[in-house]
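The task is simple: from the sequences and hints, build the whole structure.
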Amino acid sequence: GQNIDQPTEMTATEGAIVQINCTYQTSGFNGLFWYQQHAGEAPTFLSYNVLDGLEEKGRFSSFLSRSKGYSYLLLKELQMKDSASYLCAAESGSARQLTFGSGTQLTVLP
Amino acid sequence: EAQVTQNPRYLITVTGKKLTVTCSQNMNHEYMSWYRQDPGLGLRQIYYSMNVEVTDKGDVPEGYKVSRKEKRNFPLILESPSPNQTSLYFCASSSPRGPYYGYTFGSGTRLTVV
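Chains as they are written, first to last, in the numbering used here: chain V, 1 to 110; chain F, 111 to 224.
These are calculated hints, taken from the structure and not from any lab test. Any given hint might turn out to be false.
So the derived label-pair ranges between C-beta atoms look like this [said to hold, decoys possible]:
| # | chain 1 | residue 1 | chain 2 | residue 2 | range |
| --- | --- | --- | --- | --- | --- |
| 1 | F | E140 | V | L54 | 44 to 52 Å |
| 2 | V | L51 | F | V224 | 46 to 54 Å |
| 3 | V | E9 | F | E163 | 38 to 46 Å |
| 4 | V | L51 | F | K167 | 29 to 37 Å |
| 5 | F | N117 | V | I17 | 36 to 44 Å |
Virtual Cβ for every residue (Gly too), placed ideally from N, Cα, C.
In structure tokens, the structure reads:
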């Protein structure tokens with residue numbers, strides 16, 4: 001079956017760096033998504049990794065190791081508005097099904 | 111503006127009364143899907159569609175139906191809603207040609223079944 005694990009909660013200070021880890025076990029793995037979701041709102045796309053390595057996009061970077069079934073999202077120069085839930089999702093199969101983790105609730109403190 | 115539109119945003123209904131949640135996208139995406147989101151369980155896929163007239167079950171399809179008669183629309187039908195279907199529902203779309211652009215989600219429908 002499909003299994004995605006990520007921490008439930010994390011807390012960090014404004015201006016700091018935080019790394020949110022995600023491990024996955026899926027058959028027919030295509031790639032790994034990261035989404036940001038503020039309470040009661042729709043998830044918004046942050047990144048998609050297909051190949052191993054680090055992809056940087058402004059303050060956000062995402063890393064993937066296919067052999068280890070591991071990814072992380074790195075957020076730099078944290079801002080208060082970064083307080084949100086961060087969802088890890090593995091895409092698999094020709095049907096491109098998405099399996100989501102339960103989300104990591106990040107709280108940024110002043 | 112490229113978007114996925116869901117209606118209604120909020121709905122309170124009674125057990126057994128059939129309802130439909132509409133979803134429409136204006137990006138000419140082939141792929142559309144429905145998710146429900148419950149506390150501690152994350153987003154779980156209900157049904158998906160890879161193109162017109164092509165639909166398939168996701169992880170939690172029981173109690174739901176879908177149809178895809180046109181490319182832009184993918185309604186979610188609850189023939190006989192029950193309280194355990196109280197949840198936050200999201201519709202999403204994407205194109206196989208652009209996975210790096212991610213899935214675009216609608217604003218969500220908060221359904222309460224009493």
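**Prompt:** Looking at the structure, which of the earlier hints fail to hold?
**Reply:** 1
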